[in-house]
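Enquirer: So you can see what is in the structure, the chains are spelled out below.
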Amino acid sequence: MTITEEAPAGHIGARRLRKEDPALLTGESKFIDDLALPGAIWVGVVRSTEAHANIVGIDGSAALAIDGVNEVLSGEDLALLWGEGALPCAWPVTGDMKTPTHLPVARSTAKYVGDAVAVVLADSRYAAADGAAAVVVDYEPLPAVVEIEDAVADGAPLVHPDLESNECYTWGLWGDNAPAVDAAFAEAAHVVSERYLQQRLIPAPMEPRGCAAVPSPAGGELTLYSATQIPHILKVMTAVVLGIPENKLRVVAPSVGGGFGCKLNVYAEEILCSALAMQRGAPVRWTEGRAEAAVSTIQGRGQVQHIELAADADGKVQAVRVKLLADMGAYLQLVTPGVPLLGGFLYHGCYDIGLYLFECTSVFTNRTPTDAYRGAGRPEATYAIERAMDSLAVSVGVSPEEIRARNFIAADAFPYESSAGLTFDSGDYQVVLDKAVALAGVAGRRAEAAQRRAAGSSKRIGVGFSSYVEMCGLAPSRVLASLAYGAGGWEAATVRVSPTCKVQVVTGSTPHGQGHETCWSMIVADKLGVDPDDVEILHSDTAVSPTGLDTYGSRSLAVGGTAVYMATDKVIDKARAIAAHQLEASEDDLEFSGGVFRVRGTPEAEVPLAGIAFAAFTAHDLPDGMEPNLEAHVTYDPPNFTFPNGTHIAVVEVDTDTGNVDLIDYVAVDDCGVQINPLIVEGQVHGGILQGAAQALYEDAVYNSDGQLVSANLGDYLVPSAAEAPRYRLDSHATPSPTNPMGVKGVGEAGTIAAAPAVINAVVDALRDLGVTDVDMPASPQTVWRAIADAQGGAS
Amino acid sequence: MTAVTLTVNGAERSLEVEPRTLLVHALRDELRLTGTNVGCDSSSCGACTVLVDGQSAKSCTMFAVQADGADITTIEGVADADGTLHPMQQAFHEHHALQCGYCTPGMVMAAISLVEEYPGLDEHGVRHGLEGNLCRCTGYQNIVDAVLAAAGSGGD
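Chains as they are written, first to last, in this note's numbering: chain D, 2 to 797; chain V, 1332 to 1487.
In case anyone wonders, no lab produced these hints; they're calculated from the structure. Keep in mind the model is a prediction, meaning the values are calculated, not measured. Ideal Cβ placement from N, Cα and C applies to all residues, glycine included. A couple of the hints might just be wrong.
[Unchecked claim] Just so you have them, the derived chain D footprint on chain V, three or more residues with Cβ under 8 angstroms:
(1) 1363 to 1373
(2) 1419 to 1425
(3) 1430 to 1443
(4) 1458 to 1464
(5) 1469 to 1475
[To be verified] Computed cross-link-like contacts, DMTMM-like style, restricted to lysine to aspartate or glutamate with a CA-CA straight-line distance of at most 20 angstroms:
(6) K20/D x E1361/V
(7) K31/D x E1361/V
(8) K460/D x D656/D
(9) K317/D x D183/D
(10) K31/D x E1407/V
(11) K20/D x E1407/V
(12) K317/D x E195/D
(13) K571/D x E592/D
(14) K317/D x E402/D
(15) K99/D x D183/D
(16) K20/D x D1360/V
(17) K31/D x E1347/V
(18) K503/D x D570/D
(19) K571/D x E588/D
Input sequences plus hints: build the corresponding full structure.
Expert: Right under this line is the structure:
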C-alpha cells in the first residue's frame, strides 16, 4: 500500500449533507419506471396461483380479446428464446448440492405461488395487467411442501421429483471437533438447548423491481436497465444465460429505490425482457406490482435453528453446537444456498468459545425462493446466540450484561482466531457494552420494572440486550473460492483529475440509497485537497464503470471505498513525480497537503495540483517516459473481512392484558471502525434497527397450508410506520480495522443484525416472572398474549 | 377516453384518459411528471402522495377523472422557480431524512400538508400524521425531526 501524507483534517468525519439529495427531493431522479421509452412492449407476467401443479393448458383467448394485448406466450413458446438457459445460482456450496433447473418461465410444472407460467405482451401498462389477469391457466394440483420441517419428513412430497429428495445440501463446520464438543457438553455445569424460528420476511424496498431492455436502433447491442444492486454481475450473468456477447451488452441501474439484498439477484424478468427485446428489436419493459413483488421477488430468512451451549459453573461457554434447517424455497436464486453459510461462521457471536460445531441442511419447499435479505445469515446467527446467552444468564443466575462480560473476546485478543476459522480484526466489546448500559440507564429501567411488577401492573417493562459481531467487507476472493462462491470479492475504482482540476471518480460499487457519492467525494477531496463538490462520482452503468462487483454485504466502503482511496494515492504518486520534475526537486523532498506540493524547507517552491493536472493534460513537459493525463485505476481485493460489532439495548413495555408490545427506548452503540460521515452512519443504523425490530414485532410472510401467501400486500404485511418506530439513541466506539488503510468496517447491516434479539430478549425479560421463556417472532399481540397464557397454565 | 383538465403545478393541462386511469398514472405517464412514485397497489405506502386542492391525497387512490378541474401540486411544483428548495425539502436535506429517496416525494408532500393543517404539531402528532407514508430506509427519526424543524416546532 502506498503511504502518503494526509491532508489536513478536513471532510472525513464531518456530518456533511448528501449531494444525492437535491435530485431526489425535487423528483428529478429517474427510477426504472420513470424512463420514457416510446413504443415499448409492456410485459405482464401470469403467475401461478397454485403452490405445486402441472400446467395442463394455457388459454389466452380472453386476454387477446383485450384492446392493446398482442400476444400471450407460454413457457413452452418462450423456451425458444433461451433454449436450455436457466436462471443462475452462483453459489454451489457443496460438490453434491442439488440444483433444479430454473427456467425464467415454467414449462410444465409450477413450483410455487408466484412462479411465472406465461407472459402477455401489450401496448401499455394497463393492457399488460389486464391481459395477465385474463389468461386462464388450467392447473392439475400436486401435493405441496410448505413448512421447512415438513420438507424432510418421511414421505414428504417432492418439490423436484427428478432430484429425488427435498434436501438441497448439508454443509458444516465440524473438523475433528465432535468428540471434544461432546465431552464439553458431558462435563458442562450449564447446558442451554434452544429452538428458534426465523420466519420468512418480505424485503419490501419502497421501489418494487422493474426492468427495461432496449436494443440499439443500429442493431447488435442491448442496454438493460434494471432496478438492481448489481449491474456488473447482472451483465455477466445475462450474457452467459442468453449467449449475448458481453461486449454487446450494457447494464444500467438508474436511481434504485432501496434493495436490502432483494435486488442482488438475476431475475426471470431481466432475462425475459432482454431476450424479447433482442428478438423483437424493440424496447421491452416490466414493472413489478407490490402484491406481485411479495411472491416474485426473493424473501429473506426462513430457518429453524437449534442451538446448544455448554458452559462451566461460572457461565463461561466452552462449546456451541448448532443445527439449522434452512428454507431455499422452490428454486435457487443467485446466492440462495450461501445465505446460511454467512451466518454459519458467527453462531459463537462475539464470545471466546473454543469449540464450535455448525451444520446446516437446506431444503426445498413450494414457496418463493429465499436469498439475501439485509444481514443475510448474520441476523439469524446473532438472534440464536443472543437469545441463548440470555437463557444461560438465567441458568447461571447472573444478569445479561454479566454473562456477556464473562464470555466476550478480550480487547487484547485481537487479531482473534475464531473457532469457526475467521480472523477478527479489532474491537473492544466490553467498552461498547458498558457505554450502552450507561446510555440506556439500565439500572433505572430495572427499578421501574420491579416497581411495576410489585404493584401488579399489567404494563410490564423489559430490558433486552444484543451484543453482535458481523463479518463485512465481502470479501477476500480466495476465501470466497474456498466457500465455492462463483465470483471474487474485489472492487475497482478509477480516479481522474481533469485539466481544470475537477475530479472524476469511477466506482464499481453501486449505490441505492447509501450515499456513495457523498462519501467517496469526501475521501477523495480530503486526499487531494479539493472541494467535495468538485468531485464527481460515476457509477451504476457498465458503459461508464466497466468493472465492479456492486453493493451488498456492507462491502461498499470497506472494499469499494478503499479502492477509491488507493486509486487516489496512485494519482498523488503520479502528480508527485510531475511536481518533482517541475520543481527540479527529488520526490522524497516533496510534501503534499491542501492540494499543493511543496519542497520541504523551501516553502516558496510549490506547485498546486491544478498546475500539475494541466501539465499532465498538455503533456508538453512531463518526465521522460511518463504517460500523459492524471488518472489511476485500482482493483482492490481485501486481505480479510471486517468485523463491525456493538451492543444494542431495547426497552419495551408489554401489556399483559392485550399482549401488545411498545418499543419505548432503543440504545445502540456500534463500532464500525472509522466513520467517514457520521450523519450517514447514523441513518444506516436507524433504518437497520427498525428493519430488525420489524422482524421481532411485526413482519411475517404468512403461508397457509396450501402454500398461499396470505400477507402479500402492505395492508397485511406490516412494514412499520413512523407511529410504531421508537426514537433511537446512538453512541459509537471506533477500533479502526487494520484490514484497510482507512480503518473502516461497514455499517449497512449492523442495526438489522442486532435489533431482533434485543427486542425479543426485552419482551421475554418483561414476562420472565410470569414463566415466559420464549416468544416467537413476530411478537404480535396474539403471540405474546398466548405465550403468557401458556406459561400461566394454558388459560385461554 | 374522457377529457380531463387539471391545473398541475400552476399550469393548466388538458388530457384524454380512460375513465379508470389513476391520477398517479395520468401524472406520470401522460404528463411525464415522474417525481410522484408508485410503491404499492393497496393505498398503503403513500409514495404517490400529491396535493389536490391543497390537501394531501394518495394519487393511486383517485381516478384522474375525479380530479377534473382540481388544482394539483406534485413534488416538481414545490421548489421555487429559481431552484430554491421548499422549506420542507430543505429540512429533509439538512436532517438526512432520505436515503434511497423513493418514498421522499410522497413523504414531503404529506408533510407539507400535515404541518399546514395542524400548526404546533409535536413529535407524537408528526409520527401519527405520517403513518400513511412508509419509508424502508431511514427508520423515520430523521424524517420526524425534519418535519418538526420545518414546522418550527423544534426538532434538532
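Enquirer: Confirm or reject each hint.
Expert: Hints and how they fare:
1. 1363 to 1373: Three-residue rule met by the segment 1363 to 1373 of chain V, so holds; n is 11.
2. 1419 to 1425: holds (count 4)
3. 1430 to 1443: With 8 residues close enough to chain D, the hint holds.
4. 1458 to 1464: holds (count 6)
5. 1469 to 1475: holds (count 7)
6. K20/D x E1361/V: Violated - the C-alpha atoms of E1361/V and K20/D are around 30 angstroms apart, more than 20 angstroms.
7. K31/D x E1361/V: 16 angstroms, holds
8. K460/D x D656/D: 5 angstroms, holds
9. K317/D x D183/D: Holds, at about 16 angstroms.
10. K31/D x E1407/V: 13 angstroms, holds
11. K20/D x E1407/V: 18 angstroms, holds
12. K317/D x E195/D: With Cα atoms ~18 angstroms apart, K317/D and E195/D stay inside 20 angstroms; holds.
13. K571/D x E592/D: Answer holds: K571/D to E592/D is near 15 angstroms, not above 20 angstroms.
14. K317/D x E402/D: 13 angstroms, holds
15. K99/D x D183/D: 31 angstroms, violated
16. K20/D x D1360/V: 28 angstroms, violated
17. K31/D x E1347/V: 25 angstroms, violated
18. K503/D x D570/D: Cα-Cα ~16 angstroms, so holds.
19. K571/D x E588/D: Roughly 14 angstroms separates the two Cα atoms, so the pair holds.
When the structure is compared with the earlier hints, violations turn up for hints 6, 15, 16, 17 and for no others.
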